[in-house]
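Trainee: Top to bottom, those sequences are chains A and B. With my numbering, the residue at position 21 of the first sequence is 21, and numbering never jumps. Start counting at 1 in the second sequence, then tack on 1000, and there's your number in my numbering.
These are computed hints drawn from the structure, not numbers from a lab. Take the hints with a grain of salt, since some may be wrong.
Said to hold, decoys possible - Listed below are the simulated DSSO-like cross-link pairs for lysine-lysine, each with C-alpha atoms no more than 27 Å apart in a straight line:
(1) B/K1393 - A/K190
(2) A/K66 - A/K6
(3) B/K1003 - A/K190
(4) B/K1009 - A/K190
(5) B/K1360 - A/K190
(6) A/K190 - B/K1417
(7) B/K1363 - A/K190
(8) B/K1372 - A/K190
(9) A/K190 - B/K1338
(10) A/K163 - B/K1245
(11) A/K6 - B/K1258
(12) A/K190 - B/K1165
The lines below spell out each chain.
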Amino acid sequence: MVSEVKAVSGSGISLVGDDIDTDRIIPARFLRCVTFDGLGEHVFADDRTALKGKHAFDQPQYQGAKVLVVNRNFGCGSSREHAPQAIAKWGIQALVGESFAEIFFGNCVAMGIPCVTADSTTVKQLQEIIAANPQAAVTVNLETMQVQCGNFSAPISIGEGAKNMFVSGTWDACGQLVAHTDQIQATAAKLPYLSWSKVAVG
Amino acid sequence: MSKGTLFDKVWDLHTVGTLPSGQTQLLIGLHLIHEVTSPQAFAMLRERGLKVLFPERTIATVDHIVPTTNQARPFADTLAEEMMQALEHNCQENGITFHNIGSGNQGIVHVIAPEQGLTQPGMTIACGDSHTSTHGAFGAIAFGIGTSQVRDVLASQTLALSKLKVRKIEVNGTLQPGVYAKDVILHIIRTLGVKGGVGYAYEYAGTTFEQMNMEERMTVCNMSIEGGARCGYINPDQVTYEYLKGRDFAPKGTDWEKAIAWWESIKSDADAEYDDVVVFDAAEIPPTVTWGITPGQGIGVNQFVPSAEQLAEEDRQIAQEAYTYMDLAPGQPIQGTKVDVCFIGSCTNGRISDLREAAKVAKGRQVAEGVKAFVVPGSERVKQQAEAEGLDKIFQAAGFEWREAGCSMCLAMNPDKLQGQQLSASSSNRNFKGRQGSASGRTLLMSPAMVAAAAVKGEVFDVRELF
Ligand code: SF4
């Protein structure tokens, strides 16, 4: 089920603006669900309604895009994994931005979706290139740590740990975590509070 | 790299090992779950044939979707009812304690864990909710996680994480009357910015926090995430121990002395090293109100909506967006802004001391005409305590509605919502576009006493003038 993520390539889509929060990515009323299915159609629901078809996610030239280019502090706000799930279900497989909120970033890692950062000039240039040529393939390469589109190429960054997890196909940490039951029990045994604070009732 | 801080010590004590990626496998001492971010995690667990490793270290409650008027089952909202049933089923199937409605223990997850003594110093605490940072008030390392990580904690009681840097935020001195913990944290976020904390844990230190009670400390730590910091904490002290003593899950008998010794040992050392230090003076903090669409867009109640030129270059674009959305013009005083709805509640300010402060303002006054004002206690216990003190009567006599416990209009997943462009004075933590249930609804964040003042005046008002 786990696979290596070394590079993502596909047409791009941009959202310009800082501090795009998770309530905007997926408004709370769509969290009334017990599965993530169907979230893709509601991504940015209120922003899209407000822009009456002019939101990038509604514009025909960006349909099928795989790389989302954003500015600063993207995904701030709540921990809802519904936000990256909605973006992913719409079709996005990688994000390039000036910066990402931490929980959002962690959620994306756990889903196998790299969020790489680049300086503001690079991000602006990429956004302009995508606007001018929506069909061009944007490639986010985690091995060369470059983002490339046509003749344009620039360096990108991502934390070493996250990079290793994508490239080696170990981004789904669950399997590794459960494999260490003995060490987990040993660490737990050393924590005094586990014996004095039994939290289960009855 | 920080050294000798509470964060470093607790991190080391909970480290299970280093993963091939270089990340730490960190043991989670207490796992809290609620109905919104857990159903998919249980589904993933089932898909992989995994079981809950330490069911006795996970505690569940229901808070986001609960109606605050009629709580009879099945809920009128069928989607909410489905989520409720999923949680009941998942807890039962996995042997997890669930504080359901009517148990006397239900409430917002970040209110019930501290009040039951589940939250303790030196713990690592995770919950699929970004305001888990609240629990840092006890000297715990507590942070929000996504659903895949909820799955990881259920399956292994651990998480794969990279260590954070530590920034010490020192505030010294005494707050002016009418200035509360909420104003302190809004002031910090306003100064350091909503992205200032990314990559950091915030350690709040200094005499101002030492003078605060536990509920005030929770208000501060709660909003760390609004400043971009995934967790925030305050070193435990006598105030912490006195709050904990005798609570349901606090250590008892001989364990109590052992616990205090251990808690003392995990405090930041006097010569601890920090990645960054910032210092504030409490006397300079005014009652603070947000005017925009991020919690960092705050000003003193007597100040004016800033013009783009007054802001740093990087804050101008979002300010432009905010003027339009909020329908507030630069240069306009925030005091006097008409409000439609006043909401007192949430995990930031829905505790008993918050309700007491708001009731002091409401007492003997009347909610202004045309304003809808309501109070939602943070938990069933808070509600019960408030009623024992007669606060419900004070609020109702003043024209506030008195509701059942839950998250309510903090994020409006239940029937409590703004309509159209309504403007709310809210004691909650987020003023994002659409946050309170209407895609064009507007939110001004402030302390509960300031919300009560806005309710009786019908407009944003300096609560200090009502004392
Ligand atoms: S009160 Fe608001 S912020 Fe707190 S847990 Fe509930 S929805 Fe989240």
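Trainee: Looking back at the numbered hints, which does the structure fail to meet, lowest number first?
Mentor: 1, 5, 6, 7, 8, 9, 10, 11
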